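Novice: Given next are the chains, with one letter for each unit.
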Amino acid sequence: MYAGLMGRLLLGICVLALSVASASCDETDPPSTPSAIWTGAITVESFSGTLPVGGTRFYSFVSPHQGVIDLTLLTLIENGATSANTVNLGLGVPSGTTCAVGSNTLTTGPGSTRQVSVAIPAGTYCARVQDVGNLTSTATFSVNISHPAQ
Amino acid sequence: MRRLATVFIAVLAVVSIACGDDAIPTEPTDVGPFSRTEVFTGTLAPGGTSFYSIASGNAGSVAITFASARVVNTSTTLSPTLTIGFGVPRGIDCQTSQTVQASPSLQAQVRVSIEPGIYCIRIADSGGLSQSIDFAVRMTFPVEPITTPATSPQTEPFNSLLAVGGSSARTFVVPQAGGYSITLTGAPAPVGMSVGIPEFGTTGCLPMSSLTATANTGAQFSGSIDPGTYCLRVFDVGGIAAPISFTINIVHP
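Chains S and F, in that order, give the protein sequences.
Under my numbering, the residue at position 52 of the first sequence is numbered 52, and the numbers go up by one with no gaps.
Whatever position you read off the second sequence (first residue = 1), add 150 for my numbering.
A portion of the hints provided could be inaccurate.
[Stated by the list, open to error] Which stretches of chain S does chain F cover? Using the computed rule of at least three CB atoms under 8 Å from a CB of chain F, they are:
1. 57-65
2. 91-98
3. 119-132
[Unchecked claim] Non-contacting residues of chain S with respect to chain F, defined by C-beta distances greater than 10 Å in every case (computed):
4. T43
5. V68
6. D70
7. E78
8. N85
9. T86
10. T107
11. G109
12. S142
Don't read these hints as lab results, they were simulated from the structure.
Predicted model only: the values in this text are computed from it and were never measured.
Heads up, the beta-carbon is just placed ideally off N, CA and C, and yes, glycines get one too.
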């Protein structure tokens, strides 16, 4: 009787200890927002070009301060008209012969409001436009890149 | 109760250890001459340009070596003069701060001191290409300053067999800058030889220069060489009817 009670008590203590410890070591994502967001001037760079079927284009730039980078796919034109298709728009870092993009991407059509917005430390970044299989002919595009100014 | 408290603390300790901070070293602290190497390969058309971005977490000296140019999809080496540049990625290109005109070599053509950051290597045809080429540019960073060889040259033998239509290759490590030579000292028939840099992530050899050699006719390759890993390949050029053995001496700092 006593042994059974002690066993259940020990089991309960172990479960409690595990839950306390687990709570204390939960993974926490690094803060996606820098501690001091840039509130100074913003500069806008224009990235435009042609995007072949299955193709990728990227544009490198520097954000001299930590802050927010906004990407806006303003236009996407196929066969002389605004395309109804979507392409992948992403923010990454130049790496090798490409722009290495993580999770900061969105497959989207053109629009006038930002489609990708990422808080970043100061550094060198790249904006990438990629056909993910939707284009039927070479398209022309324009992207506005907004980031902290010098 | 004391026993129960002990059990509670013991379980907490075990779990805390299990979920403690990951003590994963993010970067090696060794910044020796072979600390980090990347090889930029690609195809360059006449009048074309290409660039490659690299991130360095350390300050130091970057060495850039235009090491190989070949007829596309072959191992036939060429020696074009191209513009090799170092800079920072900007817009849709690499904005270079330093450029040189260079031909393939085993000695770095560009050396630059850098702070941590993202940089790029740019290769461009200066107008001399008449056909597309496959190229290889090696980047090593940070690297030790080039020093005068303080030790006697080393001789490494490369003695092996060559099958009909086959090839045989080995790598060798040069610990410091200086002069090198590679001499075919024994082979019953002419053989092909090429020297270059190992292809990153494969067992291939990206040749800087290749030729057909006959034994005991002097050094086939010689010149200046930087610290690093290199490769030597011997191949049948159609001159043997049965497997042969060959001997080669590689002399380097």
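Novice: For every hint, state whether the structure bears it out.
Specialist: Hints and how they fare:
Taking a C-beta to C-beta cut-off of 8 Å, the segment 57-65 of chain S contributes 6 residues in contact with chain F, enough for the three needed, and the coverage statement holds. Counting residues of the segment 91-98 of chain S whose C-beta sits closer than 8 Å to any C-beta of chain F gives 5, which meets the bar of three, so the coverage hint holds. For the segment 119-132 of chain S, the stated coverage by chain F is satisfied: 3 residues place a CB nearer than 8 Å to a CB of that chain, which reaches the threshold of 3. Chain F leaves T43 (chain S) outside its interface by the beta-carbon criterion, the shortest separation being 14 Å against a cut-off of 10 Å.
No Cβ of chain F approaches the Cβ of V68 (chain S) within 10 Å, the least distance being about 20 Å, so the stated non-interface status holds. With 10 Å as the threshold on Cβ separation, the claim that D70 (chain S) sits away from chain F holds: the shortest Cβ distance comes to roughly 18 Å. With a closest Cβ-Cβ approach of about 21 Å to chain F, E78 (chain S) is found to remain outside the 10 Å limit, as its non-interface label requires. The Cβ of N85 (chain S) lies farther than 10 Å from every Cβ of chain F, with a closest approach of about 22 Å, so its non-interface assignment holds.
With a closest Cβ-Cβ approach of about 22 Å to chain F, T86 (chain S) is found to remain outside the 10 Å limit, as its non-interface label requires. In this structure T107 (chain S) is separated from chain F by more than 10 Å, as the shortest Cβ-Cβ distance comes to about 22 Å. Here G109 (chain S) stays apart from chain F, with its beta-carbon at least about 23 Å from theirs, past the 10 Å limit. Taking the minimum C-beta to C-beta distance to chain F, about 13 Å, the non-interface status of S142 (chain S) holds against the 10 Å cut.
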